[in-house]
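Trainee: The two chains are supplied separately, each in an independent frame; assemble them into the complex guided by the hints.
Protein chains in written order, with my numbering: chain A, 450 to 920; chain B, 19 to 212.
Please keep in mind that the hints were generated in silico from the structure rather than gathered at the bench.
Watch out, some of these pointers could steer you wrong.
Below 27 Å or equal to it, Euclidean Cα-Cα: the simulated DSS-like pairs (lysine-lysine) are [stated by the list, open to error]:
id	chain 1	residue 1	chain 2	residue 2
1	B	Lys23	B	Lys198
2	B	Lys26	B	Lys142
3	B	Lys53	A	Lys537
4	A	Lys768	A	Lys812
5	A	Lys540	B	Lys53
6	A	Lys640	B	Lys142
7	A	Lys457	B	Lys207
8	A	Lys613	B	Lys142
9	B	Lys24	A	Lys769
10	B	Lys53	A	Lys689
11	A	Lys812	A	Lys790
12	B	Lys180	B	Lys164
13	A	Lys499	B	Lys164
14	B	Lys26	B	Lys198
15	A	Lys768	B	Lys142
16	A	Lys624	A	Lys762
17	B	Lys164	A	Lys611
18	B	Lys142	A	Lys725
19	B	Lys180	B	Lys26
20	B	Lys164	A	Lys497
21	A	Lys790	A	Lys845
22	B	Lys24	B	Lys207
23	B	Lys23	A	Lys457
24	B	Lys23	A	Lys768
25	A	Lys499	B	Lys24
26	A	Lys769	B	Lys34
27	B	Lys24	A	Lys497
28	A	Lys624	A	Lys611
29	A	Lys722	A	Lys452
30	A	Lys613	A	Lys722
31	A	Lys467	B	Lys179
32	A	Lys499	B	Lys207
33	B	Lys23	A	Lys702
34	A	Lys769	B	Lys146
35	A	Lys640	A	Lys725
36	A	Lys790	A	Lys725
37	B	Lys146	A	Lys611
38	A	Lys762	B	Lys146
39	A	Lys773	B	Lys146
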Amino acid sequence: MGKTLFEKIWESHIVVEKQNGPSLIYIDRHLIHEVTSPQAFDGLRMNKRKVRRPDLTIATMDHNVPTNNRSLPILDQTSAVQIQTLEKNCKDFGIKLFDINSPNQGIVHVIGPQLGITLPGTTIVCGDSHTSTHGAFGTLAFGIGTSEVEHVLTSQTLWLEKPKPFEIRVDGKRKNPHAVTAKDIVLSIIKNIGTSGGAGTVIEYCGQGITDLSMEQRMTICNMSIEAGARAGLITPDEKTFDYLRNREYTPKNYESLVDNWKEQLKTDNDAKFEKQFTLNIDDIAPQVSWGTNPGMTCDVTESIPSPEEFSKGDANQKKGAEKALDYMDLKPGIPITDIKIDRVFIGSCTNARLEDLIEASKVVKGQKISTNVRAMVVPGSQMVKKQAEDIGLDKIFINANFEWREAGCSMCLGMNPDILSPGERCASTSNRNFEGRQGTGGRTHLVSPVMAAAAAIEGHFVDVREMDLS
Amino acid sequence: MKSFKKIKSIITPLDKINVDTDQIVPKQFLKLIHKSGFGKFLFYNWRYDENENLKSDFILNDSKYDNSEIMVTGDNFGCGSSREHAVWALQDYGFSVIIAPSFADIFFSNCFKNGLLPISLNPKTVEKLQQELDPIEVDLERQIIKTSSEEITFEIDSYKKKILLDGLDDIAQTLQFEDKISEFERNSKVPSVL
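Pulled out of the complex, with its shape left as it was, chain B reads as follows (with noise of 0.2 Å):
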């Protein structure tokens, strides 16, 4: 995984609640066996109308955004199936950051493990944020939001911004405890199933 960098950029608004992930990748598109290339599936019903042209009214379509890397959305963001197709998808089509009020569970953890950076803030800021026009930094370093006008902190658990910063393979830190996961095995009552 690529090590997690500052971003600059203007944010994409996505303002809707409950964004599930049947919307960020429909399912037509979860046949495929690798991970890269989703993002010219991400919101397809949303950007394309049913003869495949981009319809005007969505928020992604607007060339303004075209370099955006942070989009900042409503409450509940990627709720519903647990692909990981959403996070591909977002990523591919060029997003690192996603700044929502709350998100599904699933979802939440998928993100960490790709390197794109969910990040939870009350949601006053949230919506005050959605109005930002200018670019805004993001900095998990020093986990803090710089936008134009002022400095937002923000919560992230220290293992999770390890692996970002670090660019971690996560499998790789967990073998490094085979002795104990050897151990839970050998004193395990829980028959084989085969």
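Okay, chain A solo, but in the shape it has when bound (with noise of 0.2 Å):
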């Protein structure tokens, strides 16, 4: 019987296998941070261990930084202790960092692929669960607790359950590509699937809506597995994955022949088997907006807030979980989601923060201003996005609009730094998670496409971006 991708990359990465066990896989590339780490380097030194492969080994930090001006002292004393912390930690374990002042610094997920770190066919880990981004190059990625960090600095390897392969389709041709996004497919997927719907499983996309998106619109999809449930999310590379990775500044020297063997070996054979299919057509899938508080509670921007009854299908945990949603994010069943008012609005996040998402965006932005109501920020997923961004005249349309033009970092999908919510303030959000309190105590988050934010920032409420000319 053939094999997925999945199953190949697992199986080429096996060190111990056990029968009815988990099995030591090894780990080609570790990330970290500054906000998931610090116990584990304690970890280190508490017990006289070294990091086997600080080659392997990169760090940055992006969680808590502040991204407004660098020149300044980081306020929050225990934000800037964390991360005196990490810098103290890669020196003294010999980690190549990219510190606050570097301009490879950025989100984890979106320096790893430009810098050329991550490659298809490997293993790489982060104390961070949208480490699945990195499956769009056909790489098993996957985010890890802090104690794994500590076992993978210490032996370069974990213990894992084989997860079972999932295989998610996504047939058909957006009408307007422009309009409905790769966000807007992988939020129907969830919607579809629900939050727990990939549970123990590595979620394969494929299929033509899959193998027409550009890179990083794949990254968008893959970031959301975690989502769903899953582990991990993946691609099978193809010449858009090499071509986005040649060049780059710590791309492998002898990258052609990676190439040449990534293209004979990283596919899944035509009689492979998965334990579990999905198929989503994305001919007529409309822009899709989180009305909840989580991925799964989302509708089509034409639709009105369902009812918990009509959500829940008959489910009474679920009729117990909308409910509560809806107490929390102050919305009524019935509410057209074009008539919900906004305060806020963030581009930024792992999933939607790339040089794409930021050129897509100011189309609609251009030209135009904020509603007065609202407060809107854009910040870039790594010091480089912000430079490219800038090269080609992007942060003067989004400052000429009143929007906030940012520093790199997590900023407010997660309000680690000064960047948050106040309670009660409702947010128009290009980042994976709408939990309660999330981008701060109180706020209110929907989901949406960098587009739909955008337009969301100009018309103080939701409207239908294909609306738009966004040619």
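Mentor: In structure tokens:
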């Protein structure tokens, strides 16, 4: 029987295999950031252990760095300590760090691919659940906890139960690919399979709806695999993948010979079997807007807020969840999505803060002003994205429309730095989680694509961006 | 890690599905650089109002549950962020066992690294356990939950069970495979980053 891409990568990384138990899997790349690593380094010191492969380990600071003026000291003392701790840990253990002043600083899942650190057919881990992003390159990449960070630092391996392969086929062609984006595809998938629909699996995305996407769009898809509960998401690498990674700062010297191998090895066999399958046709999908407190609580922009009965389809627990979500979000069933007014707009995060995202959003914004009731910000995913955007004048387009133009970081996706919502504020956000309090205690998050967020900023409420000219 | 002993206590029923790790420990408390002291932040936004007073309608604030070591909760517990702080907070607060129909993958593996036992049971059994008022006993060695009226068996991977029962340092266990890791590295064709 044939094998899936996931199974091939898994098998090529087995160090120790046990009958009916977890396997010891080799990790090719380990990405570190300031929030989930300090306790791991503490553990190393306590046990007098070293970092086994500093040459496979890369660190940056992204989660709690301020995104305003970088020449000022960090006012939040606990954040400052965490950042200094990462600096000290990297120095003590010989790990390459892109610090707050580095031109390579940025969200760890944005800089990995941009620097050519992410490679097809490899395994990547990071103490962050959105590590699944790197799967867009045919990389087996997943988030881990701090104890596992310590385990990888010491041994460059992890004990893992083998997840099950899950095929998600995306068929069809979007009629308006500027208005209906990768974000809308992945939100549609999660809306259909639920936030635990992918639990215990690695999702392999395939079909024309996926191969048509650019690399940056594919990253948006794989990024949100974790929101469907999956360990990881994968896409078979193709010429777009190989082109994206060519000539980056850390692209390996023998890149072309690696590409030859990848072309031969990194694909799912025709007769491979998946444990689960789901198909989405995207011919007619609409832009998506989340209305609740998990990413599965999402509907079309043309729809109204569903009643808990409609949403739960007879499941009592889901109904209770939806009632609680509507209460938290201060929304009532039957309200058209386009009637929802917003206070804030956040264009950023590892889901949607790459150059293409900013280019697409800028087309909506160009020559316009944001609504006077709205405060809006753009936080580029990395300092490289920021520079590329500034080189083509995107900063001016956003600033002229009264957006704030910030330095790179995770920012208001999780609100660990000063960028947070005030209680009760409602935000159109290009991030990945609409959990209670995620963007600030009492804050209300609606997940949307960059163009939908930009359009909402202009109008002050959600609008169907398909009605705008974005060509 | 401490070895896992038999636990006997009343259960705390947290009747919610999809409890994410942002709720278990909100982000403002992730900036600490040590593992201890996270209990006071557990379910912070559900436990405290905006003036930091205890909310009377949240189950953990009912003093009846103060000494409970077992939480019984809903589907997909621990979803979302990979933050191990969620496990540190549950443990520091006093929980040793979490029972649910299912757990999110990263949270589930984080539990075992810290000696917190996650048990998944079928939804009907979990629902019944949520109603249990008397203390229940969790016996990991025998893989049995004893209630006032019945014994419920549960599944656990044998390696994970051993790690918990013996309180083993799993990194030390892994380092016994040093030869295998070195051999893998000699054969690997993946280039270094730098």
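Trainee: Take the hints in turn and mark each one as holding or not.
Mentor: Taking the hints in turn, this is what the structure says about them:
Proximity of B/Lys23 to B/Lys198 is assessed by CA-CA distance (about 33 Å); at most 27 Å being required, the pair is judged violated. About 22 Å separates the Cα atoms of B/Lys26 and B/Lys142, which keeps this hinted pair within 27 Å; it holds. Between the alpha carbons of B/Lys53 and A/Lys537 the distance comes to roughly 18 Å, so the proposed pair stays at or under 27 Å and holds. Taking the CA atoms of A/Lys768 and A/Lys812, the gap is about 39 Å. The hint is violated against a cut of 27 Å.
The hinted pair formed by A/Lys540 and B/Lys53 meets the criterion: a straight-line CA distance of about 22 Å does not exceed 27 Å. Between A/Lys640 and B/Lys142, the direct Cα distance comes to roughly 25 Å. Compliance with the 27 Å bound is thereby established for this hinted pair. For a cut-off of 27 Å, the pair hint linking A/Lys457 to B/Lys207 stands: about 15 Å separates their Cα positions. Distance hint between A/Lys613 and B/Lys142 is fulfilled; the C-alpha atoms sit about 25 Å from each other, no more than 27 Å.
The hinted pair formed by B/Lys24 and A/Lys769 fails the criterion: a straight-line CA distance of about 34 Å is larger than 27 Å. Of the supplied pair hints, the one linking B/Lys53 and A/Lys689 is violated, its CA atoms being roughly 43 Å apart against a limit of 27 Å. Taking the CA atoms of A/Lys812 and A/Lys790, the gap is near 22 Å; set against the 27 Å cutoff, the hint holds. Annotation: proposed proximity of B/Lys180 to B/Lys164 holds, straight-line Cα distance about 21 Å (limit 27 Å).
Among the hinted pairs, A/Lys499 with B/Lys164 is inconsistent with the structure: their alpha-carbon atoms are about 44 Å apart, more than 27 Å. Simply put, B/Lys26 and B/Lys198 have alpha-carbon atoms about 41 Å apart, too far for the 27 Å limit, and the pair is violated. With a CA separation close to 17 Å, the supplied pair A/Lys768 and B/Lys142 stays within the 27 Å bound. The hinted pair formed by A/Lys624 and A/Lys762 fails the criterion: a straight-line CA distance of about 30 Å is larger than 27 Å.
Taking the CA atoms of B/Lys164 and A/Lys611, the gap is about 31 Å. The hint is violated against a cut of 27 Å. For a cut-off of 27 Å, the pair hint linking B/Lys142 to A/Lys725 stands: about 24 Å separates their Cα positions. Proposed proximity of B/Lys180 and B/Lys26 is supported: the alpha carbons are some 20 Å apart, at most 27 Å. Annotation: proposed proximity of B/Lys164 to A/Lys497 is violated, straight-line Cα distance about 42 Å (limit 27 Å).
With a C-alpha separation of about 26 Å, the suggested pair A/Lys790 and A/Lys845 falls inside the 27 Å cut-off, and the hint holds. Restraint check: the Cα-Cα separation between B/Lys24 and B/Lys207 comes to about 47 Å, which exceeds 27 Å; the hinted pair is violated. For the suggested pair B/Lys23 and A/Lys457, the alpha carbons sit about 40 Å apart, so the restraint of at most 27 Å is broken. With a CA separation close to 38 Å, the supplied pair B/Lys23 and A/Lys768 exceeds the 27 Å bound.
This hinted pair does not check out: A/Lys499 and B/Lys24 have alpha carbons roughly 35 Å apart, beyond 27 Å. For a cut-off of 27 Å, the pair hint linking A/Lys769 to B/Lys34 stands: about 8 Å separates their Cα positions. Among the hinted pairs, B/Lys24 with A/Lys497 is inconsistent with the structure: their alpha-carbon atoms are about 32 Å apart, more than 27 Å. Among the hinted pairs, A/Lys624 with A/Lys611 is inconsistent with the structure: their alpha-carbon atoms are about 38 Å apart, more than 27 Å.
A C-alpha spacing of about 7 Å is found between A/Lys722 and A/Lys452, which places the hinted pair at or below 27 Å, so the restraint holds. Restraint check for A/Lys613 and A/Lys722: satisfied, since their Cα atoms lie roughly 10 Å apart, inside the 27 Å limit. A hinted pair counts as satisfied when its Cα atoms are at most 27 Å apart, and A/Lys467 with B/Lys179 qualifies at roughly 15 Å. Our distance criterion of 27 Å between C-alpha atoms is met by A/Lys499 and B/Lys207, whose separation comes to about 23 Å.
Between B/Lys23 and A/Lys702, the direct Cα distance comes to roughly 54 Å. Violation of the 27 Å bound is thereby established for this hinted pair. With a CA separation close to 18 Å, the supplied pair A/Lys769 and B/Lys146 stays within the 27 Å bound. A threshold of 27 Å between alpha carbons decides the hint, and for A/Lys640 with A/Lys725 the separation of about 17 Å falls inside it, so the pair holds. Of the pairs offered as hints, the one joining A/Lys790 and A/Lys725 is violated, with about 39 Å between alpha carbons and a cut-off of 27 Å exceeded.
Distance hint between B/Lys146 and A/Lys611 is unfulfilled; the C-alpha atoms sit about 31 Å from each other, more than 27 Å. About 23 Å separates the Cα atoms of A/Lys762 and B/Lys146, which keeps this hinted pair within 27 Å; it holds. For the suggested pair A/Lys773 and B/Lys146, the alpha carbons sit about 23 Å apart, so the restraint of at most 27 Å is met.
The structure fails hints 1, 4, 9, 10, 13, 14, 16, 17, 20, 22, 23, 24, 25, 27, 28, 33, 36 and 37 (numbered hints given earlier, in ascending order).
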